[in-house]
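Student: So the chains spell out like this:
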Amino acid sequence: MPVTTDSATEHSSAETVLSIRDLSVALPKGADRALAVEDVSYDVNRGEIMCVVGESGSGKSMAANTVMGLLPKGVHPVQGEVNFLGQNVITLPEKQHRALRGLKIGMIFQEPMTALNPLMRVGAQIAEVFEAHGQLTPKQRQERALELLIEVGIPQPEKAISAYPFELSGGQRQRVMIAMALALEPVLLIADEPTTALDVTTQAQILELIRDLQRRRGMAVMFITHDFGVVAEVANRVCVMRHGKIVEIGEAKDVLENPQNPYTKALIAAIPSNAVPPHRETSQVAPLLEIKQLNKVFRSRGGWFKSAREVRALDDISLTLARGETMGIVGESGSGKSTLGRCVVRLEHPDSGELLLDGVNLSQLKGDALRRERHRVQMIFQDPYASLNPRTRVGMAIAQGPMANGTPKAAALKQAGELLDLVGLGASAVERFPHEFSGGQRQRIGIARALALNPELIVADEAVSALDVSIQAQVLELLEELKQRLSLSLLFITHDLRVAAQICDRIVVMQHGRIVEQGSAEQIFLHPKEAYTQSLLDAIPGRQAPVAATA
Amino acid sequence: MSFFARFAQNRGALIGLIILLLIIVMAILAPLLFPESPWRMVQRPFLPPLSQEGFLLGTDTMGRNVAAGLMHGAWVSLLIGLVSTSVALLIGVPLGAIAGYYGGLVDDFLMRFTEFFQTIPNFALAIVLVAIMQPSITSIVLAIALVSWPPVARLVRAEFMSLRHREYVEAARLVGQTNSTIILRQILPNTLSPIIVLASLMVATAILLESALSFLGLGDPNVMSWGYMIGAARTVIRQAWWLSFFPGVAILLTVLALNLVGEGLDDALNPKLSRER
Amino acid sequence: MKTPLALAISAAAFAFSSAALAGDPQSGGTVNTIVQPEPPGLVLGMVQNAPTRTVAGNIYEGLLRYTTDLEPMPQLAKSWEVSDDGRTYTFHLREDVTWHDGEPFTADDVVFSADVFHRELNPSARAVLQHVENIEATDDYTVVFTLNKPFGPFLISFEAGTFTMVPEHLYAGTDFRNNEHNDHPIGTGPFKFANWERGTVIELVKNDDYYEDGLPYLDGVNWHIIPDGGSRAVAFENGTIDVLPSGTVENFDIPRLSAMDNVCMTEEGHEYFSPFAMLWMNNREGPTADKRFRQAVMYAMDREFAKDVLWNGLGNVPLSAFGSNARFQNDDLEPYDYNPDRARELLAEMDYDGEEITILPLPYGETWTRWAEAVQQNLREVGINVETQASDVGGWNQRLGDWDYDLAFTYLFQYGDPALGISRTYLSDNIAKGSPWNNVEGYENERVDELFNAAATAFPDEKREALYHEVQEILHEDVPVGWLMELGFPTLYRCNVQDLVTSGVGVNDGFKDAWLER
Amino acid sequence: MVYARLILMRLLKAVIVLLLIVIFNFFLIQMAPGDPAAILAGEAGAADQEFINQLRERFGLDQPMYVQLWRYVSGIVMLDFGYSYRLGVPVFDLIMDRLPATLLLTGTAFVLSLVLGIVAGSMAAARVKKPSGSLIMALALVFYATPLFWVALMSVLVFSVYLGWLPAYGLYTVGAGYTGFALVLDIAQHLILPATTLALFFMAIYTRMTRTSMLDAAQQDFVKTARAKGLKPSVIQRRHILRNALLPIITLAGLQAGQMVGGAILTETVFAWPGIGRLMFEALQQRDYNLLLGIFFFSAALVIVFNIFTDLVYRLADPRIKGAS
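Residue numbers (the numbering used here), protein chains in the order written: chain A, 1 to 551; chain B, 1 to 277; chain C, 1 to 518; chain D, 1 to 325.
Derived from the structure by calculation, the hints contain no laboratory data. Glycine residues also receive a C-beta, built at the ideal position from the N, C-alpha and C atoms. Careful: at least some of the hints might be erroneous.
Below, in silico cross-link-like pairs of lysine-lysine (DSSO-like), each with a Cα-Cα straight-line distance of 27 Å or less [claimed, not checked]:
{"#": "1", "chain 1": "A", "residue 1": "K95", "chain 2": "D", "residue 2": "K13"}
{"#": "2", "chain 1": "D", "residue 1": "K232", "chain 2": "A", "residue 2": "K139"}
{"#": "3", "chain 1": "D", "residue 1": "K13", "chain 2": "A", "residue 2": "K29"}
{"#": "4", "chain 1": "A", "residue 1": "K104", "chain 2": "D", "residue 2": "K129"}
{"#": "5", "chain 1": "D", "residue 1": "K130", "chain 2": "A", "residue 2": "K29"}
{"#": "6", "chain 1": "D", "residue 1": "K13", "chain 2": "A", "residue 2": "K73"}
The following residues of chain D were derived to be distant from chain A, with all beta-carbon distances above 10 Å [stated by the list, open to error]:
{"#": "7", "residue": "E50"}
{"#": "8", "residue": "N53"}
{"#": "9", "residue": "A182"}
Here are some chain D residues pointing at chain A (derived, C-beta under 7 Å) [as the list claims (entries may be wrong)]:
{"#": "10", "residue": "R56"}
{"#": "11", "residue": "T196"}
{"#": "12", "residue": "D221"}
{"#": "13", "residue": "K224"}
{"#": "14", "residue": "T225"}
{"#": "15", "residue": "A228"}
{"#": "16", "residue": "K229"}
{"#": "17", "residue": "G230"}
{"#": "18", "residue": "L231"}
{"#": "19", "residue": "R238"}
Next up, chain A with everything else stripped away, as it sits in the complex (with noise of 0.2 Å):
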């Protein structure tokens, strides 16, 4: 469909800063395809926030990192023109081009934590934009610096401008990085993925701040990102791409609301919605696993001058978990979320309290006798690259388990291609390694790998949050459907209250290592009792439907 040309002409009325035209990039030898972008053409309008949306590997970034110059070794734009101001940066002789970062287009990158010179104060590497044009005083520029950290809302900004970038939080980071890009008034702001490795509640901090600013300064925002969520939230104008190529292209509240391509309504059905979740009957039986006071203190080694520091990450910990349920664990970084899921499986050992399982006490077990407990709880893991041994056969892998625990091998083989069928990847994936798998697939491993010992519980740990939303939608179906087969009991940690809604019964919502407020999903989402929880619910992306658009 001509998507692409209409939207081009449609707002050529207002001023253009960026328009890309027809820019194909070739990717080097060897790579899965030929082009990460193919006839990419879209345009970025002054005061106006244009989202890029796609999964992993849809080439998203890829026009921005034209724009900017900052393409990886290797690849590099074979034709069509990328006009920022009129003049073809692709032709721009390095030098000029140069001149244009940071002065006329300012960016920001998804990883705070790693996007900042570690060993430089932030004050000096703000200067440094300054610096980098030729503008200003050594003096000046700290001024201005100041100035910079005020404006994006850095707590203590007198404090900020000469600490380091450890010192500060990943939300501080950014804002930082967003002062950076910032300095020096660029026409064009580019956002690669700003937010993803943010907390919920700092997300929406950081997405008001760009909009903000964008409004205040009449900026023209290239928005990259994976959420539909977030486009909701600051959107314009979105642009969805898949594999390189542009599948749809509009006004944000249009493709939101009535999108056209099969696979952009795919998109935005998959994320998970955020209508009430279905009302669950918990069938009250005894409960399965029950959880007493439980603490956990963590405890930084005192080393030769250091001095010991304590963290309390659980924090006097109740619950009760009936069988056959399944209970959402959510809370942002540092809640201690994971730390329970951690010692409900024993892989951190609870200072006091006790974990009875069908009325066994666990927390207190060591060792062998430990070892020969542990195929009662099994747990799925967040990284579906760091969760498989690279060096083992898929098949293995699974196969270890029931081998640990006495079973044959030829036997443990066996179950593990039934166990592969089971979460749809066919028994002959048994003599493959891992590698050879996507992310999504090897989560399905892992889910395999959790089963093999047919626990009583399972925990998995943000075992969707590494995926892509329509990978995502997938994994969950499978696990919601075994949890029917199986009549599996689940306890799932995850950060996105969404995720939560979807497939819990219950849910528990953590912070600073305590319970805040538990209940039934329904009523976490429709009655929350606390302000945490209803802060948490106020910060997920798009909650409140399409409206930054019109505004």
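Starting from the known structure of chain A, arrange chains B, C and D on it as the hints suggest.
Tutor: Below, chains B, C and D without anything else, positioned relative to chain A:
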């Protein structure tokens, strides 16, 4: 991309491999080409290279055939390099693995122990050890091994520390695998590549160390090693440059080759895949 | 009544030294030379090892010096008589001698040195002093030694290195080894100790109050310490060093160095020591316990090859136990020439079963290592299964001291007289663990003991000669040790250094007469 | 203040390690065949049992081992290292005589190798896949692979013997009687050959290390940020890449600095440099236990001092560590 393909991408590595193979061939052919002892005084002393049929590289201070010595020496040097490295690995890998896997006090203790060894200057320690045990292949190999294991231990420890909290290791613990199984099956295989790379460099260093020891007269007098040849030729370096030149070059090439191969292995075994994702 | 022997000899000596003079000496100039290894100390008598002798021989003096023919010359003693029964030796000392600290040198110093100092500290002197019954100073400048029996070599035991004179006024009644003056030796010699920079140099300066008029000519002597043979050679080449005393450069360098212009070489100046390289063969156990095996070894070794290749043709392949510099050599013995076949025969005859034996090289530098390699190869070629046993000085001493070896290299000084330098190797009462210098091979032969003891105390020399000739025949047959070589230890020096070697101990006291021609 | 505390603790630890090392070495050396008495006797050319016993008694070698150990250790605690058996001089004085020479040599070599290595390394890093870059690395590799003593011999041969430009051995021209500036100049001349030979090897290591760690650093996100600011490549190289790349090098440098005393044995032997390394080798040959132990003690102490120093430098270079406290 296949392992060798990745290895071959690095041209240096390929060259190194070829040189290394040549040297190994030399070592193997030595007994065939020069069946009689390299110690045999077969000609007038100080024959310059090419000056006489059958004495390509000339003769040494006592009329022994330098070419013969060189080829038998290849065997000795390689042997010493390999064996001492293996011994060092045998000491270093387990220590490092245990320290890295269990951490805590065990780690503390083992690392103090390692540091302790590193606090005594290597070469000095090696010399003392050889002097104590009196020079012989065995004592030299042991001495070299004893001074070169700490880096191994440290490396392995570091690798284990970074891997022991990998999710697949935790998964293995969860399914009830024993610590020994986890160490041997899950972690060790994934630390092999850096170890192999380090080992290749250690062989090189060992050869250098041996030559240095022989140079100081602490070599095994019953075997003709390159180091011995240089050491022996040093006093006559003025009137017979070739005596120390050829073994010197031999050592240089071997060490060079081993390093190139090491780098190649590094590229091939640690594909960037592992870092990015 | 006394013989005028001494006077005659001293006259001869003067004749000799004046004859040696070429042109008339000029004063001034400093000579740079080498001492290797760095000596442990400089007080002769307390320390007797070679480097100490080399340096301190120019600081301290003995009663006598010796010509290159080992005839005594006056030094601190201007003359001496020997009684007819050969038991009383009377020395007349010079009266114009002072110590470096200005104190006069008197007979008491001699008595103290001999009777107290050396008896306590100095094994080599002890060996001589055991024959001395009584030492007394009859007046300030006369000393009389009374022996319990005549002792042939007595008159040549007064060399500075062995029997140095130390100042009584500084040492009497003190703990000798911790005496403060050990760091700053006080002698009577032509040079005074100036400074010792450890690891770098020992500096001696002219003794202006030296009693012999005009001597020494040199303003000073710097003994450089350079641990590496190669570097020493370089130092001599690029002119920093003027004199290379014997054994300070690897033999392989000598041809090149001596070929340089304005470089002279002399083999003289070590007659007193005439170092004799030997191969200890363990007479107690293993194949080496068999006489035929030991003979086989003698035949198997190509000693001429070693001489030519390793020692640049210098030195001399000995006939038997007595070196050519030793007195009373018996030269009508049948030499052990290189003869592998004969060696094989002997081995077959004793049906040697190829039992492995070890050979212990002397850890004193490359030449010795090479030599061991050569011998090992020689022996292997006649079918003796021999492995080299590497060790450093410590290990070498240990092994020999514990008799834990089969074959071992060594070399011994002959000290001019069989009774001093040779008999010690063969006398059975000289078998004792812990020293690498006594009868290490464990050879026991009553007849040999008798002959040596008789010869030592026989008087006059004709009697001794007969006895020594017989002993040589027995030893030649038994081969208690392998006789490898009388080493030629050449001294290299710039030709403008004149009269460097004027005695049987060479540079050890040579700088006394040396002068620089300019 | 963190530093003071840190140093204090480290020193405390150091003392323990040192004592352990002393004891370890003590037994190590006891295992060597032959004792100083036997060797001195041997050197003496003529020795009887009485002579040897005298020496043994004097050195206290006649005592049972635990007594010897106790004496030694208690001596060390009082910082009394005893007398050198062979030279009869206090070990402490001997070491103090030699230490400066060694430190001068190794120190110079250290600085030389560090500076040149880092420069060459960063040049190579900036010229990846360019012939010039490859050339640098090739050279580095050759230097790395060449036996040190061999380079030493060759350099003496060429620069001292054939060309006669530089002195072949020693710390200064003996007997020349230089003073003041002349002396300094003289020493400098003598220093050139040994220092460079010693430096080459380490330089090679630094070159390679710098290169790799700079290439790694260049991959970091913050470099992308820096480029996004429009900074000049040169500035990025220096301020962002190099600074981060230096961290691992500091660690290595620390290790090397510690090995300086032991590392110079070969060079000191070939160049007759009157330093600790040579002293140690001679002491070993002579079984001069006290001296040897003393040297080990000092070199170990040096290692520890440098480790602490390195830690401090590292802390200065990397704020994150300070933050950890």
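Student: Please go over all the hints and tell whether each is borne out by the structure.
Tutor: These are the hints, each one checked on the structure:
no.: 1; hint: K95(A) / K13(D); result: violated, 55 Å
no.: 2; hint: K232(D) / K139(A); result: holds, 21 Å
no.: 3; hint: K13(D) / K29(A); result: violated, 55 Å
no.: 4; hint: K104(A) / K129(D); result: violated, 33 Å
no.: 5; hint: K130(D) / K29(A); result: holds, 21 Å
no.: 6; hint: K13(D) / K73(A); result: violated, 49 Å
no.: 7; hint: E50; result: holds, 55 Å
no.: 8; hint: N53; result: holds, 50 Å
no.: 9; hint: A182; result: holds, 45 Å
no.: 10; hint: R56; result: violated, 45 Å
no.: 11; hint: T196; result: violated, 33 Å
no.: 12; hint: D221; result: holds, 4 Å
no.: 13; hint: K224; result: holds, 6 Å
no.: 14; hint: T225; result: holds, 5 Å
no.: 15; hint: A228; result: holds, 4 Å
no.: 16; hint: K229; result: holds, 4 Å
no.: 17; hint: G230; result: holds, 4 Å
no.: 18; hint: L231; result: holds, 5 Å
no.: 19; hint: R238; result: violated, 12 Å
Of the numbered hints given earlier, the model fails hints 1, 3, 4, 6, 10, 11 and 19; all others are met.
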